[in-house]
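Asks: Letter by letter, the chains look like this.
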Amino acid sequence: MKNNIILYVGILIFGIAAPFIFPAFKVQLSILCVLIVLATTWNIQGGEMGYNSFGNILFYGLGMYLCASVQVGMFFPLAEWTESGGEKTFVHTPTQFFQGMAVGLIVAAVVPTIVAGLIGYSILGLRGHYFAICTLGLGVAAGEISGGIEIIGAGQGFTTPPFPDVGSLDSRGEFFYFLSFFTLVLTFIAVRSIYSTRFKLILNAIRDNEDKAEAMGIETMKYKIIGWMISAFFCGLAGGIMGGLVGYIDSTDVAFDGREMGVFMVLMAILGGKGTLWGPIIGATVFHIFKEGFWTFFLGWQYVALGVLIVVIVIYFPEGIMGWLREKYPERFGEVVDEKDRKAQVELK
Amino acid sequence: MKLNKIILSFVSALVILFSTSVASFAKVVGDKIILGAAISLTGKYSSNGVHTQNGYNMAVDRINSMGGVKVGGKTYKFDIIYYDDESNPKRAAQLAERLISQDGVEFMLGPYSSGLTKAIAPVTEKYGVPMVEANGASRSLFTKGYKYLFAVLAPANLYLDVAIDLAVEKNNGKPVTVAMAFEQDAFSQDVRLGVLDAIKRTGSKKVIDDKLPKELNDMAATLVKVKQMKPDVLVVSGHTKGALTAIRQISEMKVDVPMLAMTHCDAAKLSKQHGKNSQYALCASQWHKTLTYKDNFFKDGMTYDADFTKEFGYAPPYQAAESSAALLVFKDAFERANSFDQKKVRDALAATNMQTFYGNIKFAEGGQNVDKPMVLFQVMCDDGGKCENKVVAPTKWASAKLIHPIPSWSKR
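Here the protein sequences come in this chain order: A and B.
For the first sequence, the numbering used here begins at 183 and goes up steadily by one.
For the second sequence, the numbering used here begins at 192 and goes up steadily by one.
Take the hints with a grain of salt, since some may be wrong.
[As the list claims (entries may be wrong)] Keeping only pairs whose Cα atoms sit at most 20 Å apart, straight-line, the calculated EDC-like set for lysine to aspartate or glutamate is:
hint: 1; chain 1: B; residue 1: K402; chain 2: A; residue 2: E326
hint: 2; chain 1: B; residue 1: K335; chain 2: A; residue 2: E265
hint: 3; chain 1: B; residue 1: K317; chain 2: A; residue 2: E356
hint: 4; chain 1: B; residue 1: K418; chain 2: B; residue 2: E406
hint: 5; chain 1: B; residue 1: K335; chain 2: A; residue 2: E262
hint: 6; chain 1: B; residue 1: K581; chain 2: B; residue 2: D491
hint: 7; chain 1: B; residue 1: K391; chain 2: A; residue 2: D347
hint: 8; chain 1: B; residue 1: K402; chain 2: A; residue 2: D347
hint: 9; chain 1: A; residue 1: K270; chain 2: B; residue 2: E360
hint: 10; chain 1: B; residue 1: K421; chain 2: B; residue 2: D491
hint: 11; chain 1: B; residue 1: K397; chain 2: A; residue 2: E262
hint: 12; chain 1: B; residue 1: K587; chain 2: B; residue 2: D388
hint: 13; chain 1: B; residue 1: K534; chain 2: A; residue 2: D347
hint: 14; chain 1: A; residue 1: K270; chain 2: B; residue 2: E579
hint: 15; chain 1: A; residue 1: K525; chain 2: A; residue 2: E513
hint: 16; chain 1: B; residue 1: K402; chain 2: A; residue 2: E356
hint: 17; chain 1: B; residue 1: K261; chain 2: B; residue 2: E579
FYI, nobody ran anything at the bench for these hints, they're computed from the structure.
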């Protein structure tokens, strides 16, 4: 326990100091925080519950559009803001910007949660790959539909309000970094406390044998929906932040970016080890560093390199980094191996 | 718990990795002026991204070999740091940030496409980094009050409105019916706005107004409608893939329409890829090799065309030409500013008034080039099946007469 506190305080201090230690990397660090949030929340139903969702990108994109729309709509006519690709210019005062952002983020978190509840009610009855394919469709459909809605810019895209003229040049980066870092901390605390309750055990029961869980009197549907709603809450929040950070929302390339973000969040969780608390965090960090490295050193071939990485992960680390570590050093995970007993079993064979 | 040790060591490894990877570049190193550019080397804009990069590289080589840039009595050479934005706005914004804050770039060249430029412009603007861009034509880029954005090209809404005027003129001044099919992306939708303006102005009527998905490779549904409605003009815009898809399916489905107006015909190498099938297509272009503009570096359009073809093995589409022109603008501005101060360079850029092989360049308040009209060319083929793009409008530059209406497929 004492070690734990040292670890958490250490990471917290590192997180707070990071943008000042690496001022040039603020944007990458903010994105890293968002990626960790996405991977960690994907892990709730992907890892703990065993429902591989490709649809979390829906909540992320929804949050992005909602946050920006609220931020604009609170002070200016939204239709005029987006008309003709955003020809008219309105300028947010600093107060308007931050107020709008705050309200926008709340909406960006709450609405996707409700949407997840509604959609979950209708599709969480599907299992295995049927569920995966169904959710895959959700993201694609959302991208195409939002690309046709004029009020949010349709195919022209949506320029989010520019950061107001306060503080120094670094203010914007610092603001978004701390916003995403705060969200990350919030997500971590939420997920960690959830994982220490009976709720996690129920999710695991659903993963291991849903019928048996049901037979034991667990209302699996209820818990599945709640699990997905928790993911949606944080995905929406992450989307809202990302929209402000990128500054330009495009329906299929930025918001409902199933091809990249939608797949990345699954990949990161698997790379780190799904069904663990730290797995997605480690996975996202390693993935982000590799990705940035590939983009710098394998210009034009980065996707090939990324593909090789994925193949390597699948072949050599099917259980992810955490799973691999656990197998290699079980004693470090508090698992005691009785060498005698193990040998006896091996010899029996 | 031992697990904590693993995580702690992991975090410290991370710290070391990050701190060692901070590379220190600067805008001017020794005798080099380093420009930054995020280019679509992969993804849906990859072919045009490569045209853009080739255009940039060609101009860099040419300017460097012809004496470079003279600032403060010293000669400098251009160099460009490229990143691949994967045709993704999110990536592009991130890379702009990276170029400026990590690589220390103080002057930028634009990416390919309006959407990506829209994503990058707020970043360059925030840092006060002058950006000369050659491939972001969306009108909304120039109404945002950006001070550091300069575009050597004409805005997107001017691409195809001329075609509507031309159709009305051919229809003895009477309004025409227009079918429109535009990709759902910032550029194509802006072209659509221009066409809508022209429809309104001429009192014409739109009969089809379809939005097509990105990564356009099927527009059969629209073409079926076109066959039924028989409009006077069919307007299609969707970057390179849009142009290729349109010609492929129009020829397959034998769609007869008196006028077919498009964008990106030369970037798609239509006349080469589809030969006679692309005949009579009317295309909006920022530049054509037969235009008689001149400069000291590339001489004129014909020479540029020949030199480019020699170096890269294909004829330069206008995307390459305008990209080369961006470098000429930068060189000119650096020399006039006689300094590497970003504000001074920015002011020099704003005062640009020059002629390049690509056209006259003079920036309006919003940063768009107001001194260069668009041209329309038509794909024309001889009996041997050899096709060529010939300028048909405006009349000042026309090297051939517009063939109108397009003969029906049964007679071709």
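Asks: Taking the hints in turn, state whether each one holds.
Replies: Against the structure, the hints:
1. B:K402 - A:E326: With a Cα-Cα distance of about 10 Å, the restraint between K402 of chain B and E326 of chain A holds, given a limit of 20 Å.
2. B:K335 - A:E265: holds, 13 Å
3. B:K317 - A:E356: holds, 14 Å
4. B:K418 - B:E406: Answer violated: K418 of chain B to E406 of chain B is near 24 Å, above 20 Å.
5. B:K335 - A:E262: Measuring from Cα to Cα gives roughly 13 Å; hence the hint holds.
6. B:K581 - B:D491: The given pair, whose Cα atoms are some 17 Å apart, holds under the 20 Å limit.
7. B:K391 - A:D347: violated, 40 Å
8. B:K402 - A:D347: The given pair, whose Cα atoms are some 37 Å apart, is violated under the 20 Å limit.
9. A:K270 - B:E360: violated, 33 Å
10. B:K421 - B:D491: violated, 41 Å
11. B:K397 - A:E262: violated, 23 Å
12. B:K587 - B:D388: violated, 24 Å
13. B:K534 - A:D347: holds, 18 Å
14. A:K270 - B:E579: violated, 41 Å
15. A:K525 - A:E513: Roughly 17 Å between the alpha carbons, so the hint for K525 of chain A and E513 of chain A holds.
16. B:K402 - A:E356: violated, 39 Å
17. B:K261 - B:E579: At roughly 40 Å apart (the allowed maximum being 20 Å), E579 of chain B and K261 of chain B break the hint.
Figure legend: structure checked against the earlier numbered hints; hints not met, in rising order: 4, 7, 8, 9, 10, 11, 12, 14, 16, 17.
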